[in-house]
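Asker: With chain A's structure known, arrange chains B and C on it following the hints.
Each protein sequence line maps, in turn, to chains A, B and C. Residue numbering for the first sequence follows this note's numbering, beginning at 1 and increasing consecutively. Residue numbering for the second sequence follows this note's numbering, beginning at 1001 and increasing consecutively. Residue numbering for the third sequence follows this note's numbering, beginning at 2001 and increasing consecutively.
These aren't lab readings, by the way, just hints derived from the structure by calculation. Even glycine gets a Cβ: it sits at the ideal position worked out from N, Cα and C. Don't take every hint at face value.
Stated by the list, open to error - Taking lysine to aspartate or glutamate pairs in the EDC-like style, the calculated list, with each CA pair at most 20 angstroms apart, reads: (1) B:Lys1227 <-> A:Asp249; (2) B:Lys1116 <-> B:Glu1143; (3) B:Lys1054 <-> A:Glu226.
Said to hold, decoys possible - Covered stretches of chain A (chain B as the covering partner; in silico rule of three or more C-beta atoms under 8 angstroms from a C-beta of chain B): (4) 49-58; (5) 215-224.
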Amino acid sequence: MKRRSVASRRIFDLGMRLVAGSAAAAGILALAWILATVVSRGAAAFSPAFFTHLPTPPGVSGGGLANAMLGTLLITGLAALCSIPMGLLAGVYLAEFGRESRFAAVVRMATNILMGVPSIISGVFVYTLLVATTGHFSGYAGAVALALIMLPVIVRTTEDMLLLVPGALREAGLALGTPRWRVTRDIVLRSARKGLLTGVLLAVARVSGETAPLLFTSLNSPYWPERLGQPTANLTVTIFSYAMSPFRDWQAQAWGAAMLITLGVLATSLCARLFIRGK
Amino acid sequence: MKKLSALSVALIVGLSAGVVSAADPATINGAGASFPFPIYSQWAYKYEQTTGVKLNYQSIGSGGGITQIKAKTVDFGASDAPLKAEELNLAGLVQFPMVIGGVVPVVNLQGIASGKIQLTPSLLADIFLGKVKRWDDPALKAENAGVNLPAKEIVVVHRSDGSGTTWIFTNYLDKVSPEWHGKVGTDKAVSWPAGVGGKGNEGVAAFVQQAEGTIGYVEYAYAVQNKLATVQLRNRAGKYVPPSIASFQAAAAGADWKGTPGFSLVLTDQMGDGSWPITGASFILVQKEQGDGARARAMLTFFDWCLRNGAAQAEKLDYVPPPAGVIDLVEATWKSEVRTAGKAVWP
Amino acid sequence: MALSERRILSPVADRVFRSATVLCALSVLLLLLLLVSTLVWKSLPAVRAFGAGFIWSNAWNPVTGAYGALSSIYGTLATTLIALLLAVPLSLTIAFFLVELAPPFVSRPVGVAIELLAAVPSIIYGMWGLFVFAPLMSRYFQPALARLAGGSPLFAGAQMGIGILTAGLILALMILPFMTAVIRDVFSLVPPVVKEAAYGLGATKWEVARQVTLRYGLRGVIGAGVLGLGRAIGETMAVTFVIGNEHRLSSSLFAPGNTIASTLANEFSEAADPLYVSSLVYLGAILLVISVGIQWAAHSWLARVERRAGAWR
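Isolated chain A, as found in the complex (with noise of 0.2 angstroms):
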């Protein structure tokens, strides 16, 4: 090592203090004001019509977007439905019965490969197979789309969480002779279980901010979501297209459901964290 007087070593140290601090600062007050940005834009357009009204043309005043946010609701949930059981229950194989075998090792390359997929190419994808084939846009489609965003991540943290339950629990349930399946359900999954919610709200949180896979899946429509095989409204795809338009009050609408689904998703990534905390 080349020797360097203490002092030289001394100011660089300090020299590198102060770069560091200062990008710091930089970066930092760039996110601060990406934030600040849509909690006052997106607050300003908070009222009790944007809650509660349907969208009303441009020009026409008193819009709100209360459709797109249960559409928003009805598209995740019926997402999450799909993928959380099927994903569970991939990811107790993984954790159970696969460690060894070649096929588990197949799996879990495709689930990374999976979740590697840009969310945009998962929207072409259902296109191709539920909306050209049946002929119309729908709610349905587009719950397939981010259903298949979120199998993979479910999958694999599942198979972490499962991975940190002691072995000893499992070989005491079954050393008392309780069948495999009740091993899993009520001692590994049990105790795993707030590891497991966590990564279900993250995987929903992350899901809910989507926009890509919505766009040719459940496109959008300006009224109430009775029925989920049409066109159905979302927050998602109505702030792209509010906020490319040039109508001043949709722009504004565009930024309250921004800061909405910001919101939802803050709120749902704290509920985790809160989970995890309470471990």
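Answerer: Just chains B and C now, kept in the frame of chain A:
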């Protein structure tokens, strides 16, 4: 926790209990051109208030409208680029006009009011070809002697999606500029020599609104609704005209609707002292063979309402409604062409 | 229930349970195969028409039916590169700042804020980019950059606020919180005893950061980088608002362009003729190959790095 999740599952399943994924009979779905979107959305709104029938129109561009109606994913498509009779027959579609409007160039130049800038056809083409690159170009200055043009680069804004507005605009440029004809041509999406792309009329208007030194082209209602500065164009008769409902009407006055199969008329570069050179009609496309007769009739009833009762709303947004004679021609076409199970749907 | 009955029932239940889990695991695999095969199937017409030349062709003319992926691929790579060049050093710095330099009353709220920002949907970055950042870019930053560069073709052309550079910057901001959170977690896992040993030898903070913390957490840092890369490459919304949607190659970073994701977002729902659709799916398949390829390459490199750095553990 268990009860809550069971309840929410029941709620979701219950709400999505249109188990058969058939579309809701009460909502008519349409998609397509952003050109007529301002008036279609207002008509749908008014119609729902009067009759309770819902109409969901999504502005995705004329290209999208044609694709979706051919794929039968919507009940009707809307396009400003008229399909020729052969294409209509091949796809089994019926086409008819709903409104006439104008495509106007819009600019964003600080301190320069709407209608101040004057452009000749070749200047417009050269700007969009990227040959005239700056606002203080001598050719521009020659036509606009009294205007204080800034020393800035021109930023061209065009459409990034498949657009009937583009079709009308490029159709006009194709007619007036041989270089445009050779280099670019007419279509809903072309290989633009210069500029930035915006999605929909909305996207172009938004870009022009936000950035200085831009020039784009939008349907007139977008320029008015968003207070964008328009330009005057020199028409075929050699006169400079600003865009207005009167200038669109003048251009549409000489149209021969009866003699054109499929109503696929082009209204650009028309004669007349007061004619706006880039006028165009916006069309609706429906399938000839309708699976659901009641649904088809409900859809045609809506269009009939718009054609007969929507004129006031259309004119407020500076769209020209089709004249009364055309309405009768259109409905005669419905009667003869739109069928379900062998029987006519209309009246 | 009698013990004898239970022993007869449970093998069946166990088998059913196990089969159910195997089925679910299998369906994950089948979904992936279905996805890949659908993409391949739908892109075949374009592959037949253009072959591999699609990748380096810069045509994009729906009128004549000529399509090429070059401008989209270039845009994807350029914006991702800009984003990483900015986000990686910045996130390392912020993470280091939070773990080593900041007092708790700063590091804890900032840390929480960073994690919350990582959960913000990416469309918000796009909107902020278009409405707040782009006007500033065109009015202040782009003129300044052009002057500093002194006529370099990299910063030439109209300064309209949107373009490849702006998209890259917005992308950097988007992946920054997420990468910072991960790297901060990695840094905080470095055992204090290792750092204190270095301090005991008289090392300065910077030297400890570079030689000890970074080396120890290299695997995690690279993992974070790969994750950030993966997100940046496939990002649609943050980019589509500010990239300008142009199928053109330009040497200037101020010029508008597009990425594969933004092309798909803009044009997919309106592509009319089958060759157009097929070309877009071909583009999507290329994006998938790039994303997966990069992740696979990173994972195998990571495995190699881990083996070499094994002496440190």
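Asker: Give a verdict on every hint.
Answerer: Quick rundown of the hints versus the structure:
Using a Cα cut-off of 20 angstroms, the hinted pair B:Lys1227 and A:Asp249 holds, with the two alpha carbons roughly 14 angstroms apart. With a C-alpha separation of about 11 angstroms, the suggested pairing of B:Lys1116 with B:Glu1143 holds against the 20 angstroms cut-off. At most 20 angstroms may separate the alpha-carbon atoms for a hinted pair to count; B:Lys1054 and A:Glu226 meet this at roughly 12 angstroms. For the stretch 49-58 of chain A, the proposed coverage by chain B is satisfied: 3 residues have a C-beta within less than 8 angstroms of a C-beta in that chain, meeting the threshold of three.
With a cut-off of 8 angstroms between beta carbons, the stretch 215-224 of chain A has 5 residues touching chain B; three or more are needed, and the interface restraint holds.
In this structure, every one of the numbered hints holds.
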